[in-house]
Amino acid sequence: MKKNLPRILMIIAVLGLGTLFLFPMWKITLIAPQYPKGVTMHIHINKLGGETPAVIQNINILNHYVGMKYIEEDSIPELKYFPYVVMAMMAMGLLMAAVDKPKLYLGWAILLSLLAMAGLYDFYLWEYDYGHSLSPTAPIKIPGASFQPPLFGSKQIISFTAISLPHIGGYFAGSSILLAGLAWWQKSKLDKNETTDSTSDNSHISSERLHTVA
Amino acid sequence: MKKNIFYILSLAIALFSMACTPNPETANSSATADSSEPVKGQSTVQDDLSAKNILQVALGSPDHTTLVAAVQAADLEDVLVNAGPLTVFAPTNAAFEALPAGTVESLLKPENKATLSKIIKFHASPGKYEGNLLKNGQRLFQASGHYVNVEKDGDKVTVHGANILGTAQASNGVVHIVDKVMLPPEG
Amino acid sequence: MKNHYLFQFIHFIMIATFGLLFLPSCGNQAGQTNTGGALGDDVASQVYVAPGEYDEFYAFMSGGFSGQIGVHGLPSGRLLKVIPVFSTDGEKGYGFSEETKPMLNTSHGFVPWDDAHHPELSQTNGETDGRWIFINGNNTPRIARIDLSVFETVEIIEIPNSGGNHSSPFTTENTEYVVAGTRFGVPYPQKDVAINTYAENFKGMLTYVKVEEDGAMDVAFQILLPAFDYDLAHSGKGNSHGWTFFTTYNTEEKSTLLEVAASQNDKDFIAAVNWKKAEEYIAQGKYQEVPAKYAHNVYDEKTHMATSTMKDKVKVLIPSECPGLVYFLPTPKSPHGVDVDPTGEYIVGNGKLSADLTVHSFTKMKAAIDNQSFETEIAGVPVLKFEEVVAGSVKDAGLGPLHTEFDDKGNAYTSFFITSEVVKWKVGTWEVLDKASTFYSVGHIMIPGGDSKKPQGKYLVALNKITKDRYLPTGPELCHSAQLYDISGDKMKLLLDFPTAGEPHYAQGISADRIVPNVKKFYPIEENEHPYRALGEKDARVERNGNEVHVYMTTIRSHFAPDNIEGIKVGDKVYFHVTNLEQDWDVPHGFAVMGANNAELLIMGGQTETFLWEPKSVGVIPFYCTDFCSALHQEMQGYIRVSPRSSNIALKWGLGEEEVVQ
Chain L
1 MKKNLPRILM IIAVLGLGTL FLFPMWKITL IAPQYPKGVT MHIHINKLGG
51 ETPAVIQNIN ILNHYVGMKY IEEDSIPELK YFPYVVMAMM AMGLLMAAVD
101 KPKLYLGWAI LLSLLAMAGL YDFYLWEYDY GHSLSPTAPI KIPGASFQPP
151 LFGSKQIISF TAISLPHIGG YFAGSSILLA GLAWWQKSKL DKNETTDSTS
201 DNSHISSERL HTVA
Chain P
1 MKKNIFYILS LAIALFSMAC TPNPETANSS ATADSSEPVK GQSTVQDDLS
51 AKNILQVALG SPDHTTLVAA VQAADLEDVL VNAGPLTVFA PTNAAFEALP
101 AGTVESLLKP ENKATLSKII KFHASPGKYE GNLLKNGQRL FQASGHYVNV
151 EKDGDKVTVH GANILGTAQA SNGVVHIVDK VMLPPEG
Chain S
1 MKNHYLFQFI HFIMIATFGL LFLPSCGNQA GQTNTGGALG DDVASQVYVA
51 PGEYDEFYAF MSGGFSGQIG VHGLPSGRLL KVIPVFSTDG EKGYGFSEET
101 KPMLNTSHGF VPWDDAHHPE LSQTNGETDG RWIFINGNNT PRIARIDLSV
151 FETVEIIEIP NSGGNHSSPF TTENTEYVVA GTRFGVPYPQ KDVAINTYAE
201 NFKGMLTYVK VEEDGAMDVA FQILLPAFDY DLAHSGKGNS HGWTFFTTYN
251 TEEKSTLLEV AASQNDKDFI AAVNWKKAEE YIAQGKYQEV PAKYAHNVYD
301 EKTHMATSTM KDKVKVLIPS ECPGLVYFLP TPKSPHGVDV DPTGEYIVGN
351 GKLSADLTVH SFTKMKAAID NQSFETEIAG VPVLKFEEVV AGSVKDAGLG
401 PLHTEFDDKG NAYTSFFITS EVVKWKVGTW EVLDKASTFY SVGHIMIPGG
451 DSKKPQGKYL VALNKITKDR YLPTGPELCH SAQLYDISGD KMKLLLDFPT
501 AGEPHYAQGI SADRIVPNVK KFYPIEENEH PYRALGEKDA RVERNGNEVH
551 VYMTTIRSHF APDNIEGIKV GDKVYFHVTN LEQDWDVPHG FAVMGANNAE
601 LLIMGGQTET FLWEPKSVGV IPFYCTDFCS ALHQEMQGYI RVSPRSSNIA
651 LKWGLGEEEV VQ
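Chains L, P and S, in that order, give the protein sequences. So in the numbering used here, the last one in the first sequence is 214, and the numbering has no gaps at all. So in the numbering used here, the last one in the second sequence is 187, and the numbering has no gaps at all. So in the numbering used here, the last one in the third sequence is 662, and the numbering has no gaps at all.
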């Protein structure tokens, strides 16, 4: 059991990453007097959505008064290739679970962290773009104002309060990094024990038992 | 003006004392049953321009002061201003005086309100009956739940033994002035 | 006038003494908190619904001669919506848009008005369920169904062989049927006869309209009866489920000066109809199928269009051929309302010319039928003996009883028109418990669920015919009113006066939680199946077919697409099919064209509505959005260029700078 723990952790990490295809990874909520409960936009790995199907349309209607660009899936190429990046990471994770080497776990965790940071930076760039590239013919012009939503947390944008937070998929993907890190730590510990412990046959037997139980 | 003062005073005393009482037993007096509202209804509407209703016709007649007092004692003012249509047989003061001595005084006492009310309702029919609509041998259904018989001989019309002396039009019906107080059968 | 003042003085003494009697109780209770008595309570707080809070109940008030339904909240009395039903409503384009015109079609053609009297909520197991509300059209006999997920009229069926559908719609326990009964006797079949042949040529028809699971209505059968005036109805419940009771007046069968002529009989009848028996006779084929022309109009929520179908026959049951179908229960003095208590045992006849209420017992009625205790028979209908069916009477309660509703504690409440009051009495003992004045001349009363098996109690609404000095005057025509009473205690307590739309006859109330969860916020645009829909601005276009022009237009904050149209010619029939692309709560757009002989359109999110415009002279005509939709609402406008008939200006339309040319 103990011997397989890192593998299991890694597989869970891969599954956690897979939830990105099931749940949104991020959400932005706009709260205003006419939307007391807020309008919540969902960002998936491969698409945009919302609590109700019409959320993107409603946000676009609000945004167009100040000249913001329409938020459209087709204009965001990341939604096309990010799924492949995630799938590649999942495949890599499984491969690493098969090979079961501590350094590979660590490497995967670091790679995923870097990708997440890159993703967040990309997200920030898009937010900056939406918030600053305003149409010169906007019906409402507020000199010097930007409509960039926050990267994380809450921000007042004219009459709206915008709240940006990870969603289910985001939390799971984040915990995948931790799980891979945990796998690395456990595997390193096991390997250390193995070198000091002469009765490696026992662990072999226990792993066989595990297989019969499974 | 005088009327208002009486009402304000009496209401003030009645309401003041009721305010101290958790469950005022007011159902026995319809005048005070609805304690959160003025006790009078439609009869208190101020309107001098419209055609006169039955109550206003009666109030305007010097020959019907006893009837008016009786109607007020029985709390039936609001009924006589209702959309109706109603036919009211209105006994004159003389008709009331013809009753045995003390009868009117006794009827005006609060404890006899139910009897008084029944007697007054015996003088009113739902519907507007006048002229050709009053036929010899006809039975009229009265608001008291009883029937009265109409006898007609030429122009002379008698209802339950009372002669119709004259007729006044009202906005919500008709008033036939009669020379006798009609008493409903017992029960 | 001396006596008058003398009387005032007596009255003063009387009331004052009455009050003084209670003075000692003050001392006794000096240490206690004063919780009782109307004056001790804060009436205002009982009807105060704080800004942003919801009312506890919906109240649906018939609009009477407005033909509509007013939706109010209780206890605040706030008016939430007027639902157009039988009358055109320029505010919403109802009866003006091409989609809704068929709703008002009848066998007499387009009838833009009616007199709507009795709203009735659908029921399941005798409880209001919040699915639909039905209402009768009194003048041109009809029944309408309103869908309470959208608060819109979705179906109207005309009632054949009738004249004045008053005793309607009054549902059965599981909304198996809604009923109709003719308030006027009419020749059967309609023909050219002398009016004074009323007794021989005229008939009275009762009608059962089947309501399917999805709400769809159809005339199931009619019952041919003497030409009495069928006034009101209520169906049985519990034990009496399977029966409907209809009051009658004018059993004298007169046709002129009814105010006198129809008040002669000591007793009129309550007609008790065994509709389960009727179903058996229909199944056995014991009916006559007769020609009858009546319209059936259905609004489709997917196509956003109404269609009108003309039906041509109806099944009629003749009581003399169908024993056990109908019985007459003699009931004193022109009974108006007939109301069945929550247990289904007691049938209250509100004899409007009487001072008393007559209550019949369903058990006794069944026994009288079993024992064949018949007084006589009229047109094949046995008349039961009065003494055999009467359970009791409420004596001397007031004058002019009209309607009775019930609470959840075994009490009944009856309105008295002439004495302007509501009287509370105990079902079973017939004892009068309380009286409350109304201001003035109360007609119907309503307790939420008060005519169902499970009244919700708490409030009673009195619907008054006359207001006189109760509100700021508005010229000769004054508002009608509703008055709200708290009936949770032993005594009724007047809480609130509020004006209503039109003339409220009956009303229905229901706790908000039975409706709110199902209410739609907009129509999903992907479900829009309107043949002329434009599901996005890319679909916006103009097409010509001879002199007919179809504009596929869209609206979204804050523009029309297209908003500049050229190539329209004088004499064209221009159909604007406007699709509101909004998928957000509370963002309708309006559409109005200068000089159009029409009303506006008011288009809900996801809906398509059509506006017909026939330009009569050349020029450039503006159109605009009429509902303040957004900050740039005032910019939401456009132009149509109208050229002479002979012009060869090409059809051209656009939005913004990129104009599409055909």
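Heads up, a few of these hints could be off.
Listed next, the in silico DSSO-like pairs over lysine-lysine satisfying Cα-Cα at most 30 angstroms (straight line) [what the hints assert, rightly or not]:
hint, chain 1, residue 1, chain 2, residue 2
1, L, Lys47, S, Lys453
2, P, Lys118, S, Lys520
3, P, Lys128, S, Lys395
4, L, Lys47, S, Lys520
5, L, Lys47, S, Lys395
6, S, Lys267, S, Lys426
7, S, Lys465, S, Lys409
8, S, Lys426, L, Lys141
9, P, Lys109, S, Lys395
10, P, Lys118, S, Lys267
11, S, Lys81, P, Lys118
12, P, Lys152, P, Lys109
13, S, Lys538, P, Lys40
14, P, Lys40, S, Lys254
15, L, Lys27, S, Lys254
16, S, Lys409, S, Lys468
17, L, Lys37, S, Lys468
18, S, Lys426, L, Lys27
19, L, Lys37, L, Lys155
20, P, Lys156, S, Lys254
21, S, Lys468, S, Lys458
Hints in this document: simulated from the structure, not taken from any laboratory.
So, going through the hints one by one against the coordinates:
1. Lys47/L x Lys453/S: At roughly 52 angstroms apart (the allowed maximum being 30 angstroms), Lys453/S and Lys47/L break the hint.
2. Lys118/P x Lys520/S: 56 angstroms, violated
3. Lys128/P x Lys395/S: 25 angstroms, holds
4. Lys47/L x Lys520/S: Holds, at roughly 27 angstroms.
5. Lys47/L x Lys395/S: Given pair Lys47/L, Lys395/S is violated - Cα atoms ~74 angstroms apart, limit 30 angstroms.
6. Lys267/S x Lys426/S: Within the cut-off at roughly 24 angstroms; holds.
7. Lys465/S x Lys409/S: Roughly 28 angstroms separates the two Cα atoms, so the pair holds.
8. Lys426/S x Lys141/L: Roughly 70 angstroms between the alpha carbons, so the hint for Lys426/S and Lys141/L is violated.
9. Lys109/P x Lys395/S: Between Lys109/P and Lys395/S the Cα gap is close to 23 angstroms, so the pair holds against 30 angstroms.
10. Lys118/P x Lys267/S: Answer holds: Lys118/P to Lys267/S is near 22 angstroms, not above 30 angstroms.
11. Lys81/S x Lys118/P: 46 angstroms, violated
12. Lys152/P x Lys109/P: Measuring from Cα to Cα gives roughly 36 angstroms; hence the hint is violated.
13. Lys538/S x Lys40/P: 68 angstroms, violated
14. Lys40/P x Lys254/S: Roughly 39 angstroms between the alpha carbons, so the hint for Lys40/P and Lys254/S is violated.
15. Lys27/L x Lys254/S: Violated - the C-alpha atoms of Lys254/S and Lys27/L are around 75 angstroms apart, more than 30 angstroms.
16. Lys409/S x Lys468/S: Between Lys409/S and Lys468/S the Cα gap is close to 34 angstroms, so the pair fails against 30 angstroms, i.e. violated.
17. Lys37/L x Lys468/S: The hint is violated at about 45 angstroms.
18. Lys426/S x Lys27/L: Distance of about 60 angstroms is beyond 30 angstroms: violated.
19. Lys37/L x Lys155/L: 16 angstroms, holds
20. Lys156/P x Lys254/S: 28 angstroms, holds
21. Lys468/S x Lys458/S: Since the Cα atoms of Lys468/S and Lys458/S sit roughly 28 angstroms apart, the hinted pair holds (cutoff 30 angstroms).
When held up to the earlier numbered hints, the structure conflicts with 1, 2, 5, 8, 11, 12, 13, 14, 15, 16, 17, 18 and fits the remainder.
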